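Visitor: The lines below spell out each chain.
Number of protein chains: 2
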Amino acid sequence: MNIGAIEAGGTKFVCGIGNEHGEIFEKISIPTRNPVETIKDVIAFFDGKEIDRMGIGSFGPIQVNRDQSDYGTILETPKTAWKYFPLLQTIKSYFPKDMPFEVDTDVNAAAFGELKWGAAKGLDSCVYFTVGTGIGAGAVIDGKIVHGLLHPEAGHMFVKRHPKDDFVGSCPYHGDCLEGLAAGTSMKERWGKAGVDIHNEEAWEMEAYYLAQTAINALLTYSPEKIIFGGGVLNHPGLIEKVREQFSKLLNGYIKKDEVIKNVENYIVLPGLGSEAGLKGSLALVL
Amino acid sequence: MNIGAIEAGGTKFVCGIGNEHGEIFEKISIPTRNPVETIKDVIAFFDGKEIDRMGIGSFGPIQVNRDQSDYGTILETPKTAWKYFPLLQTIKSYFPKDMPFEVDTDVNAAAFGELKWGAAKGLDSCVYFTVGTGIGAGAVIDGKIVHGLLHPEAGHMFVKRHPKDDFVGSCPYHGDCLEGLAAGTSMKERWGKAGVDIHNEEAWEMEAYYLAQTAINALLTYSPEKIIFGGGVLNHPGLIEKVREQFSKLLNGYIKKDEVIKNVENYIVLPGLGSEAGLKGSLALVL
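Chains as they are written, first to last, in my numbering: chain A, 1 to 287; chain B, 1001 to 1287.
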């Protein structure tokens, strides 16, 4: 079976063709511009290629409830050109009427891909956080992607402030929510330079302190079998180890499960699918 | 069908007999002592009564995974007499071998009961917080109770501190986690008197600030269709209204759904089943 996959991000759209084993045969990266220009390139990539179905993992907020008439439509977003853009309907119109499509958020797709073929393979639940310019979160519980009222937006949860942190926070909605304190943007504002150029130990201890609370709040709410951290910020060497260390310190033995207490290096992990988690996850949506 | 239900709490065990419509015919409240004395009274209540199945909602942590050999056993708890007590196995031994039993946490049971017959009736998801001496949380997503690695313990999540709060926090594990800042115990320690005797506005504004963050973090992680607050602290007149107010203020329009923006008084609510949420929920577990 040939499966089309689109990871629709705010910076780039990654399109690919693969199969039901999560193998990607070919892919392309298209810079995200306005919807018309971007979708034109997306359609050009798939043009003339045999595909049987298609999965789309998109930046949010997006309608992921299949029962709603606006299923697959981008909702209210600061990316004004994309506000209320009917992403699924537009793409669908270029393909045969009966071809199956699935849409979810890029982070839910990544979580699902990791469960299917990556770091959470063989488990029933996982949470995936991507820490880049912003912080996104996807979750799978009991083998099913979490939707509910909308979809998770756990990047904006509230956490406690590091005692030495007096940065006001960079989130335009909440100021010092998690994203406002720990996303790439906030690191840049707080320290005056991009993450890759930050070499002081204090900055990374602080970052780990916030991501450790992220993991703890995820553990205490979702109770997942695996917590995965991806995104550019996690490329910093040693950060994931620091997160685990602070996690154990802050959790302080509260959840007495070996997975969490003795085996934290297998509980809080980097993505097993690396940078392909989103694309492979989008593909997995439609299986 | 006659269904037995036990709400096994740290202070009292409420036992009841009801039916598949959530009607309770008779019930009894037994003070919680050591396991032997307590279970003796529980069994005496059910003795000679015709019941076909039984649901148990217990204080946690407790093994809720049916596939584990210690299903229904209390895990590591500060209530030392109950540590590793095989609650289900002990009760089961007094009933016919083939009688169906189900065990979950008291708060998961309450969440499930509210979904079945209470404030979240007709929905697929809800989160239930009980704010009393401690803070407990149960969650239902896609019609199923959340378990995963263990079960939710969202009462211990981290939240941001109120700017005027310098109380160190009362949680023996985490100090200033949610429970450490907002449970009845912490109110008592901070203000020097029990919640019922606290009449200063500042105290209740602060409490609402923490519970509003609880609701926001629940919304952003679980994305539930309803958030329910029960427990003794919520008996304070006007508290739920204050929670809604702070919720809207802190969320600041981030999740653009009418349920959350325009209709918050139907989104953050008191239990529909009142003090019977736990007992009726325990009953519902076995349907």
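Hint data in this document are derived by calculation from the structure and do not stem from the laboratory. Worth double-checking, as some hints may not be accurate.
[What the hints assert, rightly or not] The list that follows gives simulated cross-link-like pairs (lysine-lysine, BS3-like), each with its CA atoms no further than 27 Å apart:
hint, chain 1, residue 1, chain 2, residue 2
1, B, K1097, A, K79
2, A, K257, B, K1144
3, A, K144, B, K1083
4, A, K27, A, K79
5, A, K121, B, K1144
6, B, K1144, A, K83
7, A, K188, A, K256
8, A, K49, A, K79
9, B, K1083, A, K262
[Said to hold, decoys possible] Covered stretches of chain A (chain B as the covering partner; in silico rule of three or more C-beta atoms under 8 Å from a C-beta of chain B):
hint, stretch
10, 29 to 42
11, 145 to 154
12, 173 to 182
13, 191 to 198
[Claimed, not checked] Anything over 10 Å on all C-beta distances counts as not near chain B; from chain A, calculated:
hint, residue
14, T90
15, Q213
16, I216
17, P224
18, L234
19, G238
20, K262
Predicted model only: the values in this text are computed from it and were never measured. Beta carbons: idealized from backbone N, C-alpha and C, even for Gly.
Visitor: Now, for every hint given, state plainly whether the structure supports it.
Guide: We went through each hint and held it up to the structure:
As the CA atoms of K1097 (chain B) and K79 (chain A) are separated by approximately 61 Å, the hinted pair breaks the 27 Å bound. Note on K257 (chain A) and K1144 (chain B): the hinted pairing holds, with a Cα-Cα distance of about 22 Å set against a maximum of 27 Å. Restraint check for K144 (chain A) and K1083 (chain B): not satisfied, since their Cα atoms lie roughly 33 Å apart, outside the 27 Å limit. Proximity of K27 (chain A) to K79 (chain A) is assessed by CA-CA distance (about 25 Å); at most 27 Å being required, the pair is judged to hold.
A C-alpha spacing of about 22 Å is found between K121 (chain A) and K1144 (chain B), which places the hinted pair at or below 27 Å, so the restraint holds. Between K1144 (chain B) and K83 (chain A), the direct Cα distance comes to roughly 33 Å. Violation of the 27 Å bound is thereby established for this hinted pair. Distance check on the hinted pair: K188 (chain A) and K256 (chain A) sit about 37 Å apart at the alpha-carbon level, beyond 27 Å; violated. Restraint check: the Cα-Cα separation between K49 (chain A) and K79 (chain A) comes to about 30 Å, which exceeds 27 Å; the hinted pair is violated.
A hinted pair counts as satisfied when its Cα atoms are at most 27 Å apart, and K1083 (chain B) with K262 (chain A) qualifies at roughly 20 Å. Given as covered by chain B, the stretch 29 to 42 of chain A fails the check, having 0 residues with a CB less than 8 Å from a CB of that chain where 3 are the minimum. Only residues whose beta carbon comes within less than 8 Å of a beta carbon in chain B count, and the stretch 145 to 154 of chain A has 9; three or more means the coverage holds. For the stretch 173 to 182 of chain A, the assignment as covered by chain B holds, since 3 residues bring a beta-carbon within under 8 Å of that chain's beta-carbons and 3 suffice.
Taking a C-beta to C-beta cut-off of 8 Å, the stretch 191 to 198 of chain A contributes 0 residues in contact with chain B, too few for the three needed, and the coverage statement is violated. Against chain B, the non-interface label of T90 (chain A) holds: every CB pair exceeds 10 Å, the least being about 21 Å. For Q213 (chain A), the non-interface assignment is contradicted: its Cβ lies about 5 Å from the closest Cβ of chain B, within the 10 Å cut-off. Against the 10 Å criterion, I216 (chain A) falls within the reach of chain B, whose nearest CB is about 6 Å from its own CB.
Under the 10 Å C-beta cut-off, the non-interface status given to P224 (chain A) relative to chain B is violated; the minimum distance is some 5 Å. Its beta-carbon lying about 20 Å from the closest one in chain B, L234 (chain A) satisfies the requirement of being farther than 10 Å from that chain. For G238 (chain A), the condition that its CB be more than 10 Å from all CB atoms of chain B holds, with the nearest at approximately 23 Å. K262 (chain A), annotated as away from the interface, keeps every beta carbon of chain B farther than 10 Å; the closest lies near 13 Å.
Checked against the numbered hints given earlier, this structure breaks hints 1, 3, 6, 7, 8, 10, 13, 15, 16 and 17; the rest are met.
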